[in-house]
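J.: Residue numbers (my numbering), protein chains in the order written: chain A, 1 to 400; chain B, 1001 to 1400; chain C, 2001 to 2400.
Keep in mind that the hints were calculated from the coordinates and are not lab data. From the three backbone atoms N, C-alpha and C, an ideal C-beta is built for every residue, glycine too. Don't take each hint at face value.
[Claimed, not checked] Per label pair, the in silico range of CB-to-CB distance: (1) GLU150(A) - SER1011(B): 21 to 31 Å; (2) ASP135(A) - LEU2394(C): 20 to 30 Å; (3) LYS229(A) - ILE2329(C): 23 to 33 Å; (4) ASN1267(B) - SER2018(C): 51 to 61 Å; (5) MET365(A) - ASN1149(B): 50 to 60 Å; (6) VAL2179(C) - VAL1378(B): 21 to 31 Å.
[Stated by the list, open to error] Some chain A residues near chain C, calculated using beta-carbon distances under 10 Å: (7) GLY59; (8) VAL64; (9) ASN65; (10) SER81; (11) GLN134; (12) ALA136; (13) SER172; (14) GLY234; (15) VAL235; (16) ALA239.
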Amino acid sequence: EEACKEVEILSKPTQKWSGRVHFDYWHFPKESALPNYLDTGNAAESPPDFIGFRRLRYGVAGDVNETMNYKIEMEFASPDSLAFKDAYLGWTELPWLHTVLLGNQKRPYGLDHLNSSRYNVFMERPFVIEAFNQDARRIGLQSYGLSDNEAWNWRFGTFAMQDLSKPGHQYSDNYQSEVAGRLANTIWYDETSGGRGYAHWAVAGSAAFPSGGGADRFRTRPEARTDGKWFDTGVLGAANYQLLGLEGVLNVGSFSVVGEYQTVHANRTAAPNTNFGGGYVYAAYWLTGEYTPWDRTSGTLGRTKPLENFWIVNRCDGCRSYGWGAWQIAARYSYCDFTDQDVFGGVGESATLGVNWWWNPHARMQFNYINGRISDRVVAGAPSTAGWYDALGLRFMVDF
Amino acid sequence: EEACKEVEILSKPTQKWSGRVHFDYWHFPKESALPNYLDTGNAAESPPDFIGFRRLRYGVAGDVNETMNYKIEMEFASPDSLAFKDAYLGWTELPWLHTVLLGNQKRPYGLDHLNSSRYNVFMERPFVIEAFNQDARRIGLQSYGLSDNEAWNWRFGTFAMQDLSKPGHQYSDNYQSEVAGRLANTIWYDETSGGRGYAHWAVAGSAAFPSGGGADRFRTRPEARTDGKWFDTGVLGAANYQLLGLEGVLNVGSFSVVGEYQTVHANRTAAPNTNFGGGYVYAAYWLTGEYTPWDRTSGTLGRTKPLENFWIVNRCDGCRSYGWGAWQIAARYSYCDFTDQDVFGGVGESATLGVNWWWNPHARMQFNYINGRISDRVVAGAPSTAGWYDALGLRFMVDF
Amino acid sequence: EEACKEVEILSKPTQKWSGRVHFDYWHFPKESALPNYLDTGNAAESPPDFIGFRRLRYGVAGDVNETMNYKIEMEFASPDSLAFKDAYLGWTELPWLHTVLLGNQKRPYGLDHLNSSRYNVFMERPFVIEAFNQDARRIGLQSYGLSDNEAWNWRFGTFAMQDLSKPGHQYSDNYQSEVAGRLANTIWYDETSGGRGYAHWAVAGSAAFPSGGGADRFRTRPEARTDGKWFDTGVLGAANYQLLGLEGVLNVGSFSVVGEYQTVHANRTAAPNTNFGGGYVYAAYWLTGEYTPWDRTSGTLGRTKPLENFWIVNRCDGCRSYGWGAWQIAARYSYCDFTDQDVFGGVGESATLGVNWWWNPHARMQFNYINGRISDRVVAGAPSTAGWYDALGLRFMVDF
């Protein structure tokens, strides 16, 4: 037995490298004066097109030994604004707490945010998802759990609210801390079809204490990659705020419907309290017969495997066949309200049509058409408090 | 057959990691007043020596599946000015278009620029190569083709003219686009000697539309790693410009002669049109009997394999021998003219003597001595419009 | 024989990837007015807590062929202040010079600095170690040698004194060069116990020539991760300075005692010469029976292997046992004097209690409590020239 232990102790950490390339094109064919002003500062000037990398990452994850792990992934899409994404060390196989990660990681705020950008149905996340959780990851300590029958999974932890993915640390006695959690239930999972049918619901919440540090600001782009963030509450000056989120998924074969609602109540120090919120609902359908897998361990979407790849399929007889990949269509309605009391962050409404063309399990093309409206948005010098816009988005992505 | 397809669909992306370390030393022993002024702003102060990394890269490339690929390579030589180099996703085995890459990649502008810095004969590229194609790579969509007999290869595509390797994207409705291409012909390739003899010619061209965006500026260093760029046309204010390039290679065993010519015609909006151009010719010879391989798939230089490595060679009998590596000598004459009409970017002439000492296929030392002249260069406050300079360069490089 | 050589010549470079994650928390429970002022500019405001990554690295090293190697490691802990750490190419198996590395590497300045942060006993290095060798690595050319019986090892080389780990190069005719070396002797090494007993001494020195370039400034934090550097001589204006260091280690089983002394004599151009210096001594003991290995090839601490990992240990019979990892306690006394003549950089004294909890050979937790004093420190506007402080530090680290 001594000899065996010796072997275990000397085992080396593992390394698994991965990365992704997401290349985007966005065009804004037509819009009214307010969106122009919000984006360019000029009511007569359209939001400029976007061309370039949306994500360009590589990094490494692995196990240190049987009960510890780590991950470092860098975002190289804008080399002049380098940031880390997942960057942590962790413990696994813990009693009660299961897995605990220390470092930069996603906050437990709800489905669309927790879904990987590799699998999400639309190119950009909905208003409230982005606004209440800008850039998604924070430095914190979080537990990840799963029930034995895989029906329940949860994550909860404490976080510094400032986005530290560029400085890497903070020097401050005001931690701007929060405690947040998500409890998720895969209430139906059709084992016999390998997961072609499932239903899920979850509740998420956060108690956040910005305490004058400035992290209580909610802003976001119009679900498209504009230069400016059109919705913006400004810094609220809240002593604390509470977030509550509800979400649900129903998937039957190639068809799925997903919805989420989030609300934030902010207790401001020198002004009346405010309530912001919103949500979205979308339906999606695979024209080519695939289905969107469900990851019961994390309560998030999984990687779709096309029934046949595009465009060459090697056959075992040495010949080649040709395939069309997997085609998915989807429609989303999204709503947000960041205007309350003396805060005029904007009320948004957006309809998105999406087409996803998966060439193979690690590559796809996304096409989005968006028609949106913004109202109750007050900005000094703006020509109006309401407006509308169209947007067209195209993404090419691979991951490895 | 069903089962077989299943296997293919699940195949994982591949990863191949690589990188390079290039360490440079440059010294400027003697020069006249104008080069001093151009580099330091002081006619009496010599260009300072350069010590440090010229290139320090690592990254990953691979196949996503049978018909798609990707690459990300970061340039870490100046961490405070991080940039990506090759960064793309692509499709292979396409009809007509063969390979198509989307993302940051070299423009199809001619031989010396397309040669890898790992294989190029001289430390720095000639005047016109650098000036007409600053920092080489642009975000674009490019096709790469090859004829069945490997005699012809070509690449053509469309690019955003701004160098986006640091921001990673552009927000602009003026794309500053161009279409460019190169058609190359390996007119002679001696198969029987394994490629010790070959001849090549190619034509390259670009139609570029800066349209007031500022990408129509040509500038370059004096073929040495000076702090300043001594040749500079300034922004031309051209609606469009056209580039034409011609190149030829003749290799007979250890001897090769290479030449290239490029010219740019710019149609300026509010000023007379201008013509800039130049070229180079070099001869190189392997004292130790090696030859420079030719890559017929891309029309560029390949990796030289020394007949014996420096300095230890392991023998199969368990003993060690000692080798001297591979030695190559080379001489280059280069000329450029960036002065026309009211633009006084400078006329340059430069003679370079080079020695390349390959220690093994992945490591070499380069030594360059340069004597150059600059004339017709008008800069406010400069002591003269003409001058001369000497430069000594030393490079140590490995790649992996 | 020809065929065999051919095989060797074609051998590919090797790649070995590695990295580390160090996550720190620092708290400053109580201190007098001077430390407050030095850190925050306000005598009434405590040094703020630190939360975040201390180190976050990954990179690659390998052999180019039988006689050359390379390494590139990036520090991603502060992505907005990216730097490289080890970054070099090198030659091995050389006569007389053994291994020679060209590029960014640690200067040969003494034990605590040469020890990897993965193995060092305390969270931060002592005053003089940090102050005389800020950020440790410089671009230079250094030889690394080892005697056949492994009793003696040495390293010596020449370096540019400016820290170039962010720009990657320098443009300057004032190289600010130095020559430095370290000669180390493992005077006792108990082979029969596998190295549980050993004694070591070494002498290190540097002749440095800042020559007005500004690299003759010594400053450091108080052995804790404060925002400010509390000890600071300012730029001395020295034509040259000389560093001398002495060090010793005695290890008997689980117990070790280590000490080091360094002194710098600076010849200032327009002011009287100055002498600065200091040292430290620490004792450490493994409560759980382990020992700290010694690396005779480099004269530095090695990686400790816990007798049993924390907290799960897989047994060969398929069952699991539970372990407590390895526990080490340590105490350090450190002293520095950066005040001489008209320079009032500060006199420091610091006592540190440390606990190291190794979970497995690649992961540990460190806890440090520090009580320190600073005197003879003159800063404009400061409330006093002397003060004291407490600090608590916690680190989680893994490497892979």
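J.: Against each hint, give a clear statement of whether it holds in the structure.
T.: Each hint, compared with the structure:
| no. | hint | in the structure |
| --- | --- | --- |
| 1 | GLU150(A) - SER1011(B): 21 to 31 Å | 27 Å, holds |
| 2 | ASP135(A) - LEU2394(C): 20 to 30 Å | 26 Å, holds |
| 3 | LYS229(A) - ILE2329(C): 23 to 33 Å | 52 Å, violated |
| 4 | ASN1267(B) - SER2018(C): 51 to 61 Å | 54 Å, holds |
| 5 | MET365(A) - ASN1149(B): 50 to 60 Å | 34 Å, violated |
| 6 | VAL2179(C) - VAL1378(B): 21 to 31 Å | 46 Å, violated |
| 7 | GLY59 | 8 Å, holds |
| 8 | VAL64 | 5 Å, holds |
| 9 | ASN65 | 4 Å, holds |
| 10 | SER81 | 8 Å, holds |
| 11 | GLN134 | 17 Å, violated |
| 12 | ALA136 | 16 Å, violated |
| 13 | SER172 | 5 Å, holds |
| 14 | GLY234 | 24 Å, violated |
| 15 | VAL235 | 20 Å, violated |
| 16 | ALA239 | 20 Å, violated |
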